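Visitor: The primary structure of each chain is shown beneath.
2 protein chains.
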Amino acid sequence: MGGLGAGLMLASVGSGVSAAPTRKIGYAIVGLGSYATRQIMPNFAGCEHARIVALVSGTPAKLDSYGAEYGIPKTHRYSYADFDRIRDNPDIDAVYIILPNSLHAEYAIRAAQAGKHVMCEKPMATSVADCQAMIAASRKAGKKLMIGYRSRFEPYNRLAIDLVRGGHVGPTRLITAEHGFPIKPDQWRLDKPLSGGGSMMDIGIYSLNAARYLTGEEPVEVTAVESTDRADPRFRTVEDRISFLLRFPSGVIADCISSYSTGHNSYRIHGTQGWIGMEPATPYAGQSMTIRKNGVTAPRTPPAPAKNQFAAQLDHLAECILTDKTPIVPGEEGLADMRVIEAIYQSAAQGRSVRIGA
Amino acid sequence: MGGLGAGLMLASVGSGVSAAPTRKIGYAIVGLGSYATRQIMPNFAGCEHARIVALVSGTPAKLDSYGAEYGIPKTHRYSYADFDRIRDNPDIDAVYIILPNSLHAEYAIRAAQAGKHVMCEKPMATSVADCQAMIAASRKAGKKLMIGYRSRFEPYNRLAIDLVRGGHVGPTRLITAEHGFPIKPDQWRLDKPLSGGGSMMDIGIYSLNAARYLTGEEPVEVTAVESTDRADPRFRTVEDRISFLLRFPSGVIADCISSYSTGHNSYRIHGTQGWIGMEPATPYAGQSMTIRKNGVTAPRTPPAPAKNQFAAQLDHLAECILTDKTPIVPGEEGLADMRVIEAIYQSAAQGRSVRIGA
Numbered sequence: 001m002g003g004l005g006a007g008l009m010l011a012s013v014g015s016g017v018s019a020a021p022t023r024k025i026g027y028a029i030v031g032l033g034s035y036a037t038r039q040i041m042p043n044f045a046g047c048e049h050a051r052i053v054a055l056v057s058g059t060p061a062k063l064d065s066y067g068a069e070y071g072i073p074k075t076h077r078y079s080y081a082d083f084d085r086i087r088d089n090p091d092i093d094a095v096y097i098i099l100p101n102s103l104h105a106e107y108a109i110r111a112a113q114a115g116k117h118v119m120c121e122k123p124m125a126t127s128v129a130d131c132q133a134m135i136a137a138s139r140k141a142g143k144k145l146m147i148g149y150r151s152r153f154e155p156y157n158r159l160a161i162d163l164v165r166g167g168h169v170g171p172t173r174l175i176t177a178e179h180g181f182p183i184k185p186d187q188w189r190l191d192k193p194l195s196g197g198g199s200m201m202d203i204g205i206y207s208l209n210a211a212r213y214l215t216g217e218e219p220v221e222v223t224a225v226e227s228t229d230r231a232d233p234r235f236r237t238v239e240d241r242i243s244f245l246l247r248f249p250s251g252v253i254a255d256c257i258s259s260y261s262t263g264h265n266s267y268r269i270h271g272t273q274g275w276i277g278m279e280p281a282t283p284y285a286g287q288s289m290t291i292r293k294n295g296v297t298a299p300r301t302p303p304a305p306a307k308n309q310f311a312a313q314l315d316h317l318a319e320c321i322l323t324d325k326t327p328i329v330p331g332e333e334g335l336a337d338m339r340v341i342e343a344i345y346q347s348a349a350q351g352r353s354v355r356i357g358a
Numbered sequence: 001m002g003g004l005g006a007g008l009m010l011a012s013v014g015s016g017v018s019a020a021p022t023r024k025i026g027y028a029i030v031g032l033g034s035y036a037t038r039q040i041m042p043n044f045a046g047c048e049h050a051r052i053v054a055l056v057s058g059t060p061a062k063l064d065s066y067g068a069e070y071g072i073p074k075t076h077r078y079s080y081a082d083f084d085r086i087r088d089n090p091d092i093d094a095v096y097i098i099l100p101n102s103l104h105a106e107y108a109i110r111a112a113q114a115g116k117h118v119m120c121e122k123p124m125a126t127s128v129a130d131c132q133a134m135i136a137a138s139r140k141a142g143k144k145l146m147i148g149y150r151s152r153f154e155p156y157n158r159l160a161i162d163l164v165r166g167g168h169v170g171p172t173r174l175i176t177a178e179h180g181f182p183i184k185p186d187q188w189r190l191d192k193p194l195s196g197g198g199s200m201m202d203i204g205i206y207s208l209n210a211a212r213y214l215t216g217e218e219p220v221e222v223t224a225v226e227s228t229d230r231a232d233p234r235f236r237t238v239e240d241r242i243s244f245l246l247r248f249p250s251g252v253i254a255d256c257i258s259s260y261s262t263g264h265n266s267y268r269i270h271g272t273q274g275w276i277g278m279e280p281a282t283p284y285a286g287q288s289m290t291i292r293k294n295g296v297t298a299p300r301t302p303p304a305p306a307k308n309q310f311a312a313q314l315d316h317l318a319e320c321i322l323t324d325k326t327p328i329v330p331g332e333e334g335l336a337d338m339r340v341i342e343a344i345y346q347s348a349a350q351g352r353s354v355r356i357g358a
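Respectively, the protein sequence lines represent chains A and B.
Okay, so the first sequence: first residue is 1 according to full-length UniProt numbering, each after it adds one.
Okay, so the second sequence: first residue is 1 according to full-length UniProt numbering, each after it adds one.
Everything labelled a hint here was simulated from the structure, so no lab data went into it.
All of these numbers come straight from a predicted model, not from anything done at the bench.
Errors might be hidden in some of the hints.
A short list of chain B residues far from chain A (calculated; beta carbon distances all over 10 Å) [said to hold, decoys possible]:
#1 Ile72
#2 Arg77
#3 Asp84
#4 Val128
#5 His168
#6 Pro182
#7 Glu221
#8 Asp255
#9 Leu335
Simulated pairs of lysine-lysine, DSSO-like, Cα-Cα distance not exceeding 27 Å [to be verified]:
#10 A:Lys74 - A:Lys62
#11 B:Lys192 - B:Lys24
#12 A:Lys293 - B:Lys192
#13 A:Lys24 - A:Lys293
#14 A:Lys184 - B:Lys293
#15 B:Lys325 - B:Lys140
A virtual CB, placed ideally from N, CA and C, is assigned to each residue, including glycine.
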């Protein structure tokens, strides 16, 4: 997708629904971990077009407590064993999959086969093949598939995209994007069969996705270096740090960092006349932008949004369902990231640059 | 050189001369371009142990005007044709070579053969072979050879080294170092026969040298990607941007940027407990340090020095001559950078990681 096309699609975000929707889209939340229960579920309160109608969990106590808290009747609470029964529940329009990465594909495909639209957390899956199978399943079912790239619904990131694409600091020549945190031991993210990989799958994907949405281009070459202390019990099966360099068709290079041992949350777009910096860039809240242009460095603040990034993301899929439009971050967006992630791992393993696509 | 050795050597900088010197060391300035005339020559006024005693230039008008300004008699003004006559001038203890890069080796060697100590601007030369020849010539003459790495004499950079080596934010895991500026056309730096290369030789060397002095380690592997628009008339013979990843024996990765089309001057050392950031990191003046530790981000300011980085650098070689010590940035330091620079160019050209040394 070229810069113009992506820009046009972005412009439609939050522009409202042309035909006023008559009802709210009902979501089933699949997986009741901390991201689901602390970030996603509370934010339905800020949605115009979306509501929680069902819960799916392997832990009966969670179904009981969150069911009571959100007023979900017992008929709308599911275990994974009876997940496929969502087919028979007309209140469920869509599922939001917030499971360990390696389970995304199975549940997205089963949801599509049950006739439901799908929102799936990133990374979309743990392989290109799984991403392609998910896209095929949703297409066959005639249902929407969207990936949870929340930053695309966040005002600072949207302003950064607009400024960069508009040439605010001249043509882009170089981007730096860094994401990382010191990870705590003993969690599924450190277990490769569940996570599919280490920091790259979890937090490095923010650096990658930012480089893609800031340029509006697809990288044609990736060069990556990994550094992992395998004596650290956290990193027995997954990588710690990966630095990766993306080459885009325009000649832009993106220098990206993914880390499970150091704290990073920033990107900076360098044009010929200055730079646009975000630090932090992609937290749940508290983004900050600084622009350097003509030798002057100053903060920049977009107008406060009507709803936060979580509510806007949930509403976006709902609006797409109600008006039969394609989400700005469809399955193809998750697939595009996964293609690059596979190339990053290949480059790091082989010690050479890897071409992508064609 | 290990971290401990480098730290001990650093501790001796500016600690004064044990045997009080009885005279100031006389420098001949070789090359009267803007760095020599605007940055170096005015700063002799702040030196305790160094003074200008001679000038070398191919432009008679410059010899006249700067000779008059600095009170250099006509007997102490030289053209390049009669450069070797400095041998017969006992007032000249040392020469400071501030010529286009590809001329460094020739004049450093001729100066050593004339029995003079040498201060040489960075990059030391344009090849490992030239660096080795310069070291051999100075050694044969029994004279000092020092490279103009001024940041090693600058208080913020010295504080950064001390904090990092002392584990202030935990063990170092990752470093970013970025240097670049949009270069103006029509200058010797863009003419490969004179410069030996593009941004990497000129400004990227600051990123490389910082990664080495902050870790106190020598990189064992380099992975580099170049991006140059050869249609831009500035970049007909030299590179624009190079991003390079250095792997150190401890497992630290340094993500470095060199650019002739975008503005950068920063580095950040990421430890397991936070980071130490410098932006700007290596300007002539105005360094700024920020430290993030235990979730708190705050500025940090070292005590004001008795003399600035330029005077301290000039005095350091003078002190080493007067007390017969080895400079903290001897020819071997320039050679070490040049080894990595050759590997960076090789990696970028071949699209693969390149092992260094051993």
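Visitor: Against chain A, does Arg77 (chain B) keep a CB gap of more than 10 Å to every residue?
Guide: It holds; Arg77 (chain B) is separated from chain A by about 38 Å at its closest Cβ, greater than 10 Å.
Visitor: Just want to verify: Ile72 (chain B) was marked as not at the interface with chain A; is every Cβ pair farther apart than 10 Å?
Guide: The claim stands: Ile72 (chain B) keeps its Cβ more than 10 Å from every Cβ of chain A (closest is about 36 Å).
Visitor: Given the hint that Lys293 (chain A) pairs with Lys192 (chain B), does the C-alpha gap stay at or below 27 Å?
Guide: 30 Å, violated
Visitor: Against chain A, does Asp84 (chain B) hold up as non-interface, every C-beta pair farther apart than 10 Å?
Guide: 45 Å, holds
Visitor: Within 27 Å, alpha carbon to alpha carbon, are Lys192 (chain B) and Lys24 (chain B)?
Guide: Given pair Lys192 (chain B), Lys24 (chain B) is violated - Cα atoms ~38 Å apart, limit 27 Å.
Visitor: Hint check: Lys184 (chain A) vs Lys293 (chain B), CA-CA at most 27 Å. Holds or violated?
Guide: It holds: about 18 Å lies between the C-alpha atoms, which stays within 27 Å.
Visitor: Verify the proposed pairing of Lys325 (chain B) with Lys140 (chain B), using a straight-line Cα cut of 27 Å.
Guide: 16 Å, holds
Visitor: Since His168 (chain B) was said not to touch the interface, does its Cβ keep a gap of more than 10 Å from each Cβ of chain A?
Guide: 14 Å, holds
Visitor: Was Leu335 (chain B) rightly flagged as not at the interface, with every chain A Cβ beyond 10 Å?
Guide: 24 Å, holds
Visitor: Below or equal to 27 Å on CA atoms is what counts here, so check Lys24 (chain A) against Lys293 (chain A).
Guide: At roughly 44 Å apart (the allowed maximum being 27 Å), Lys293 (chain A) and Lys24 (chain A) break the hint.
Visitor: Quick check for students: does the CB of Val128 (chain B) sit more than 10 Å from each CB in chain A?
Guide: 22 Å, holds
Visitor: Taking only the CA atoms, is the gap from Lys74 (chain A) to Lys62 (chain A) under or equal to 27 Å?
Guide: Holds. Lys74 (chain A) to Lys62 (chain A) sits at ~12 Å (cutoff 27 Å).
Hints 6, 7, 8, 11, 12, 13 from the earlier list are contradicted by this structure; the remaining hints agree with it.
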